[in-house]
Amino acid sequence: MYFFDPHVHMISRVTDDYERMARMGCVGVSEPAFWAGFDRGSVDGFRDYFRQLTEFEPTRAGWSGVQHFTWLCINAKEAENVELSREVIAMIPEFLGNPGVLGIGEIGLNKNTKNECTIFREHVDLAMKTNEQILIHTPHLDDKLKGTRMIIDMLLEDDRVDPNRVLIDHVEEHTVGAAREEGFWCAMTLYPVTKCTPSRAADIIEMYGDDRIMVNSAGDWGPSNPTAVPDFIMEMRRRGHSEKKIKKIVYDNPVEFFSGSDRFEFTPPDTLWETSRAAADTD
Amino acid sequence: MDSQQSAPEVFDQVYLDIRARVLQVAASLDRIDRSEDAETVQEDRRRSLIQQGLELLCRPGLNRAEQIQVIFSDPYQSGWNAPEATE
Numbered sequence: 007m008y009f010f011d012p013h014v015h016m017i018s019r020v021t022d023d024y025e026r027m028a029r030m031g032c033v034g035v036s037e038p039a040f041w042a043g044f045d046r047g048s049v050d051g052f053r054d055y056f057r058q059l060t061e062f063e064p065t066r067a068g069w070s071g072v073q074h075f076t077w078l079c080i081n082a083k084e085a086e087n088v089e090l091s092r093e094v095i096a097m098i099p100e101f102l103g104n105p106g107v108l109g110i111g112e113i114g115l116n117k118n119t120k121n122e123c124t125i126f127r128e129h130v131d132l133a134m135k136t137n138e139q140i141l142i143h144t145p146h147l148d149d150k151l152k153g154t155r156m157i158i159d160m161l162l163e164d165d166r167v168d169p170n171r172v173l174i175d176h177v178e179e180h181t182v183g184a185a186r187e188e189g190f191w192c193a194m195t196l197y198p199v200t201k202c203t204p205s206r207a208a209d210i211i212e213m214y215g216d217d218r219i220m221v222n223s224a225g226d227w228g229p230s231n232p233t234a235v236p237d238f239i240m241e242m243r244r245r246g247h248s249e250k251k252i253k254k255i256v257y258d259n260p261v262e263f264f265s266g267s268d269r270f271e272f273t274p275p276d277t278l279w280e281t282s283r284a285a286a287d288t289d
Numbered sequence: 190m191d192s193q194q195s196a197p198e199v200f201d202q203v204y205l206d207i208r209a210r211v212l213q214v215a216a217s218l219d220r221i222d223r224s225e226d227a228e229t230v231q232e233d234r235r236r237s238l239i240q241q242g243l244e245l246l247c248r249p250g251l252n253r254a255e256q257i258q259v260i261f262s263d264p265y266q267s268g269w270n271a272p273e274a275t276e
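Those protein sequence lines, which keep their order, are chains A and B.
Position one of the first sequence corresponds to residue 7 (my numbering), numbered consecutively onward.
Position one of the second sequence corresponds to residue 190 (my numbering), numbered consecutively onward.
Next comes chain A alone, as it looks inside the complex (with noise of 0.2 Å):
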């Protein structure tokens, strides 16, 4: 079965990582910016981060025939730092009409400070101004649920904002019910200990439906697995779910989502040796 990560941190992941994923079925990954594992210095380190995930990324990708979609931002972690986040939310503008960039992400709080709140405000007013889609980060393990509901709290305030164009990332059984009774989309993220397993995962899906929610590897610098979206396939078999049913939520449902963006310029599998060889007749 064909899947999309709609969340992988790529950057922090080796090329064979790429091949093992199109190998079990991967067409396309979308990729946040986030922490860089150190805090940055300076709004230029992130100039260079921005002109990885926009130009080299997508390259290292299209070697093992995946797609690559991505989002910019300052992520939550160096928020603290309102000084540089602001340079980098007026930075960000240079990249916004770059193939491939989906919109603003992943943006959200860390460890639901002041400081956090204002930048993701800011970042939000970037996305309305600029007419993107936002992806959001929610906070690990205690601070979820508070950073959750403070999120959707924010995300309200703004009359602005499209439920429907906002992806809500990392939810679990405490958080997804306030996530899409707001009308956000949703995300559940595949790890081995901090988030959800992929059984857990088949559960929400049978208690919260199939409809906007998809699963991603989130894969990154600490312990994950960038094929966990096949693991959460095989948990459906198992349980019985129809082919259908898993694919709208590994597929189509992000191929949904991210169709929000102008510059989601996706090539469905099933046509992309067609286009190849268009693309190659006209050379």
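It is worth saying that the hints were derived from the structure and are not from the lab.
Warning: the hint list may mix true and false statements.
As the list claims (entries may be wrong) - Reference listing, derived: stretches of chain B covered by chain A, where coverage requires no fewer than 3 residues with Cβ under 8 Å from a Cβ of chain A:
hint, stretch
1, 193-202
2, 209-219
Unchecked claim - Not everything, but these chain B residues come out facing chain A in the computed CB check (under 8 Å):
hint, residue
3, C247
4, S262
5, D263
6, Y265
7, W269
8, N270
9, A274
We treat Cβ as the ideally placed atom computed from N, Cα and C, and that holds for glycine.
Given the coordinates of chain A, assemble chain B onto it according to the supplied hints.
Positioned in the frame of chain A, the structure of chain B alone reads:
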């Protein structure tokens, strides 16, 4: 609820997994309790949270996973962003 399997089918599928995880929890708690200064852990807030989670598991009803998530969560205060609250 969109489950494709009956309860006995699900139970057959998950029984060994649950058994293994219960054993792992038991062994982990034993390991803490047989280590030096075990009594200090009894004062640790996180040990109390685990105890609350274990007690919740023994109660009947649905949504145990959601309730356990709430036990391990910081409290949320609605209205935190009201103008008078942020001044």
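Query raised in the report: Per the coverage rule (Cβ-Cβ under 8 Å, at least three residues), is the stretch 209-219 of chain B covered by chain A?
Result: Three-residue rule not met by the stretch 209-219 of chain B, so violated; n is 0.
Report task. Report holds or violated for the interface hint on D263(B), using the least CB-CB distance to chain A and a cut-off of 8 Å. Result -> 5 Å, holds
Requested in this report: Have a go at the Y265(B) hint: is there a Cβ in chain A nearer than 8 Å to its own Cβ?
Outcome: At about 4 Å, which falls below the 8 Å cut-off, the nearest Cβ of chain A leaves the hint on Y265(B) intact, so it holds.
Requested in this report: Could you check if A274(B) really has its C-beta closer than 8 Å to a C-beta on chain A?
Outcome: 11 Å, violated
Report task. Classify the hint on S262(B) as holds or violated, based on whether any CB of chain A lies nearer than 8 Å to its CB. Result -> Holds. Min distance 4 Å.
Query - Evaluation of the interface hint that places W269(B) against chain A, nearest CB under 8 Å - result: Given a least distance of 7 Å, the restraint on W269(B) holds.
Query - Hint check, C247(B) versus chain A [nearest Cβ-Cβ separation less than 8 Å] - result: With a closest approach of 19 Å, the C247(B) hint is violated.
Query raised in the report: Does the nearest C-beta of chain A fall within a distance shorter than 8 Å of the C-beta of N270(B)?
Result: 5 Å, holds
Query - Whether chain A covers the stretch 193-202 of chain B (at least 3 residues having a Cβ closer than 8 Å to its Cβ atoms) - result: holds (count 3)
The structure fails to meet hints 2, 3, 9 from the earlier list, while all remaining hints are met.
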